[in-house]
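Colleague: Residue strings, one per chain:
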Amino acid sequence: MQASNLASRRRHATHIAATIFLAPALLFLIIFIGYPILDSFRISTLEWNGISAHRTFIGLDNWGALLRDRNFWAAFRNNLTIMVFSLLFQVPFALALATFLDAGGKKFNLFKVVWFFPLLMSSVAVGFLFRYALDANFGLFANISRLLGGSGAIDLLGDPNRALFAVIGVICWQYIPFYMVYYLAGYSGLSEDTYEAAIIDGATRGQYFWRVALPQLFPTIRSGAILSIVGSLKFFDLIFVMTGGGPGTATELMGTYMYRNAFMTFRMGYGSAVACGMFILITMIALIAMKLLSGKEAGA
Amino acid sequence: MITRVNRILTVLFSVAVVLAVFAGCGGSSTPAAPAPDSAPAAQDGAPAEAPAAPSGETINLELWHIQMDGDFPNIIQRSVDRYMEANPQYNVEVVPTANDAYKQKLAVAMGANQMPDIYISWSGGPMIEYIKAGHMQPITSQINSSGLKDKLLDAGVAQATYSGDIWGVPVENVAAAVVYYNKAIYEELGLSVPATISELEANADAIIAAGKTPFSLANSTQWTGSMYYMYFATRHGGLQPFQDAATGEGTFESDTFVYAGDKIQEWVGKNYFNVGFNGIDEDSGQSRQLLYADQAVMHVMGSWFLSNVLGENPEFYEKIGIFPFPAVDGSSADPTAVVGTVGDNFYHVSGSCADVDGAFGVIAALLDDQAIAERTANGRIVPIKGAVVEDPLLKVIMGVVENASGTQLWYDQYLPPEVADMHKTTSQEIFGGTMTPQDANTRMQETMAAYLARS
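Order-wise, the sequence lines are chains G and F. Under our numbering, the first residue of the first sequence is numbered 1045, with each subsequent residue one higher. Under our numbering, the first residue of the second sequence is numbered 2, with each subsequent residue one higher.
Please keep in mind that the hints were generated in silico from the structure rather than gathered at the bench. Please note that the accuracy of each hint is not assured.
Said to hold, decoys possible - With a Cα cut of at most 20 Å, we get these calculated SDA-like pairs of lysine to any residue:
no.	chain 1	residue 1	chain 2	residue 2
1	F	104	G	1096
2	F	271	G	1203
3	F	152	F	374
4	F	106	G	1080
5	F	213	G	1194
6	F	213	G	1189
7	F	104	G	1303
8	F	104	G	1280
9	F	150	F	388
10	F	213	G	1196
11	F	213	G	1182
12	F	104	F	353
13	F	133	G	1307
14	F	106	G	1307
15	F	213	G	1195
16	F	106	G	1284
17	G	1335	G	1271
18	F	106	G	1303
19	F	320	F	189
20	F	104	G	1281
21	F	106	G	1168
Could you put the whole structure together from the sequences, leaning on the hints where they help?
Modeller: Written as structure tokens, this is what we have:
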């Protein structure tokens, strides 16, 4: 009796302390994340240009228009393309770099620093840099083509069939270092003992990687993949700086389309509907991805 | 037990202290609100002479502009300093913003009702939107009584006039799009300045035969390619078709706009433009590199092109020749009309400004004699009557503007934002060949009609 009373009192005190410590964080979450999301849903039911005091409630009209909006779905498809190619290139490439650095240890510290550079640059700077580097007449590839005897004019960002892939290349260049560091951290969580035990048992380095390290790294890879999926779906800054969604709508993403509606053409209500549509789509895809990937882990 | 209560109290107390600190931060930032003394002045129509506040009381004004290059931010700051020296009751804070960020900043400020007292627009459709949303106050009486109206170019005042009132002051520049060409290459190839499109096309064919690109174009920016579209339309049908289409009396599907779109695709098909034009950026100077490298020969651009070249490549400046965009063969449209703006940046008094006279005084100070002299010295054509122009090339452009029977304001500034955006996107797609001119014009018309139906 006495003991259980003490335990419940202690539990009670823990609850109070937890509430007090969590309250500030929760407060900020509600004010800066929760409220804006809910408010976006509210604004999405308005006909409003974002600047006037005059707002009209139009119910679900914006949502109906969104479902029928070919531009939005084309933008969603571009997001999916970026997502697929990000997963295909970023995850394996970053894992390979991390494995290389892990195997090399301190000797490869220089590589670690150099490879990390792209992530240190702001996306806007990267966008500007590659706008010049991919210039059709004076850029990197134009000059390479000239060296090889070509015409010296390679149009990457202006050709609607190539622009998206050019941008995907830049995205990978910028984000592979992030996942590299992420997986490197995953490696540092693996115990030295397992490695030594595997080697003593006669495993080759390749066998160690495929049979021992990779399965243990799987939780890290999984969260990396989900970060990459979500990041690709809400991508904005680099595209906005490099192409602004153009040429035409060839590199338009859900994010840039939202910006275009809300802040360039002053259709705040519709822009909010796009934002909420993004929110729903991204949440759904992230949930599905988590489900699929965790299923795999249970099987492994 | 008591110690535990104490501990909890301590925690609560620290939370309270933290909250108090935050609350303190919030409180200390509020005094930015306008001085209460000046508020009644605006409500009773602001008598012209009476100072809006008793002496000794400081009135804070905030001015937003987008002059970020060269000496221009300093010219504005010095004008404002002179004004504050002469009117010590005013404290004017000047906030420069980069061109593209400005539009977003303004939209956010309007949504949040955090407008400065003085801000710029480019006139046209957005200005009308801001007026309708109550974010601008008319300055008709001030501009008339101060005599500023007689000083300004009439075309500039006309651009800032809406429903009988004057809403802004044209300050920065007269900007007109013309064709720049490389005189050295023209001479080398034995070409002469064209008066008609067909002569221009003959020149372009000769340039291609010589292994060079006729026109340099950086169209990821979209308004750059729009200049060709606007000029083709203006030369084909004059100013009327666009005005009619923008008011709903006409349509963007008329012959004039079909001609403009078709001509662009014809020129793209004949390789008159550099490779990759839709992917390179005017703001970072990528089109000018082609000119500097002698790879491209001609360039259609606003008059600011000259100051860009002066800053980047003074030697190239010597090679530049200028001609107005040629006439469409057989068209009755007046070939002297220019595409451009008389004023470029218009300074407005915001709806929330409590001291319209003071704000207007600041704007007028931006056009005092010294500021005009400084702008002129920096290669600008100030939108006032009898503006002095020293530079021979600017003189040519000023001549084109003075000779013009009318001005076509840039479509993307004239049209309401969503139609302007549609124009920029569709004209880029016309250039890229991903949309037929017919489809583009139909979409323009649909967007325009939808806008007109709502307003």
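Colleague: Each hint needs a verdict: does it hold in this structure or not?
Modeller: Hint-by-hint comparison with the structure:
1. F:104 to G:1096: holds (15 Å)
2. F:271 to G:1203: The hint holds at about 17 Å.
3. F:152 to F:374: holds (14 Å)
4. F:106 to G:1080: Holds: residue 106 (chain F) and residue 1080 (chain G) sit about 19 Å apart, inside 20 Å.
5. F:213 to G:1194: Measuring from Cα to Cα gives roughly 16 Å; hence the hint holds.
6. F:213 to G:1189: holds (18 Å)
7. F:104 to G:1303: holds (12 Å)
8. F:104 to G:1280: holds (18 Å)
9. F:150 to F:388: holds (15 Å)
10. F:213 to G:1196: holds (13 Å)
11. F:213 to G:1182: With a Cα-Cα distance of about 15 Å, the restraint between residue 213 (chain F) and residue 1182 (chain G) holds, given a limit of 20 Å.
12. F:104 to F:353: OK: residue 104 (chain F) and residue 353 (chain F) at ~18 Å, within 20 Å.
13. F:133 to G:1307: holds (18 Å)
14. F:106 to G:1307: holds (9 Å)
15. F:213 to G:1195: Satisfied, since the Cα-Cα distance of roughly 13 Å is no more than 20 Å.
16. F:106 to G:1284: holds (16 Å)
17. G:1335 to G:1271: holds (14 Å)
18. F:106 to G:1303: holds (13 Å)
19. F:320 to F:189: Distance ~12 Å between residue 320 (chain F) and residue 189 (chain F) Cα, so the pair holds.
20. F:104 to G:1281: holds (17 Å)
21. F:106 to G:1168: holds (17 Å)
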